[in-house]
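Working from the sequences, and respecting the hints, build out all of it.
These protein sequences, in sequence, are chains A and B.
Each residue of the first sequence is one higher than the one before, counting from 0 in numbering that gives the first Met the number 0.
Each residue of the second sequence is one higher than the one before, counting from 0 in numbering that gives the first Met the number 0.
A portion of the hints provided could be inaccurate.
[Said to hold, decoys possible] Sample of chain A residues facing chain B (criterion: CB under 7 Å; computed from the structure):
(1) ILE3
(2) PRO10
(3) ILE89
(4) SER92
Since the hints were derived computationally from the structure, they do not count as laboratory data.
Backbone N, C-alpha and C define an ideal beta-carbon position, used for all residues, glycine too.
Number of protein chains: 2
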Amino acid sequence: MSEIDRVIHEPVRLRIMSILQGVDRADFKFMLSTLGLSKGNLSSHIDKLEQAKYVKVHKGFNGKMTLTEYSLTKRGRQALSEYWAALDQIRNSPQDDGS
Amino acid sequence: MSEIDRVIHEPVRLRIMSILQGVDRADFKFMLSTLGLSKGNLSSHIDKLEQAKYVKVHKGFNGKMTLTEYSLTKRGRQALSEYWAALDQIRNSPQDDGS
DNA sequence: ACAAACCGGTTTGTAATACAAACCATATGT
DNA sequence: ACATATGGTTTGTATTACAAACCGGTTTGT
Numbered sequence: 000m001s002e003i004d005r006v007i008h009e010p011v012r013l014r015i016m017s018i019l020q021g022v023d024r025a026d027f028k029f030m031l032s033t034l035g036l037s038k039g040n041l042s043s044h045i046d047k048l049e050q051a052k053y054v055k056v057h058k059g060f061n062g063k064m065t066l067t068e069y070s071l072t073k074r075g076r077q078a079l080s081e082y083w084a085a086l087d088q089i090r091n092s093p094q095d096d097g098s
Numbered sequence: 000m001s002e003i004d005r006v007i008h009e010p011v012r013l014r015i016m017s018i019l020q021g022v023d024r025a026d027f028k029f030m031l032s033t034l035g036l037s038k039g040n041l042s043s044h045i046d047k048l049e050q051a052k053y054v055k056v057h058k059g060f061n062g063k064m065t066l067t068e069y070s071l072t073k074r075g076r077q078a079l080s081e082y083w084a085a086l087d088q089i090r091n092s093p094q095d096d097g098s
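Okay, here's the thing in structure tokens:
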């Protein structure tokens, strides 16, 4: 019975991972408006994902302004896929086949 | 975008709900051994589910010993089904159809 | 030139909570 | 009578999701 990954399980982080899975890279502002979070909240969730090495942070510039972008790592993709598998297992666990 | 129900989202409670969905009624001891929790932990999670009216607690006796059983309420079944729907939405959100 | 407002985030404080340990009441050996 | 087991509940603690406050730098008045 594979355990549920709590890093991913938190809904905000699950949404972050899902978004990143679709777009390759996304910047802070985009995430903020898409998710509807406070800046501090987004920042700390990203921290957790970075510490788990599920997300890579790219710091750079857009003209003179700083610009931070995020992407999923390979580990992140792997972990997300395993997360869904674990959930599926719970979802289907009480069911009998009809045999 | 329907929100994730935090009462159900907690993995232990999700497992409790899933088990109850399959068995109609289950007692404390059965849940304990199936889930592998401490008694206190199980008790407090059940409390939360009861407060949310997702689970009904049936107190009675087995001979002279107390016996507590649990069952899903209609609300509980409904909430669980909505929970899975909400998760599916997140899971599928970044995908394009090929059109 | 200087201040005020804005942008792009990070750090800090707080309220909620998952969990185990301690506890309680009753029952069963011996 | 006393220890041990059964069936739970209450209490204490460490973690953590979140917003508010903050900070370095930039743009916009005036």
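Fill in: Restraint outcome when A/SER92 is required to lie within 7 Å of chain B by C-beta distance
6 Å, holds
Discussion item. Interface hint check: A/PRO10, Cβ to nearest Cβ on chain B, cutoff 7 Å. Holds or violated?
Written reply: Interface hint status for A/PRO10: holds (5 Å vs cutoff 7 Å).
Worksheet item: Once the shortest beta carbon distance from A/ILE89 to chain B is found, is it less than 7 Å?
Response: With a closest approach of 6 Å, the A/ILE89 hint holds.
Fill in: Supplied contact hint for A/ILE3, tested at 7 Å Cβ to chain B
5 Å, holds
When the structure is compared with the earlier hints, no violation turns up for any of them.
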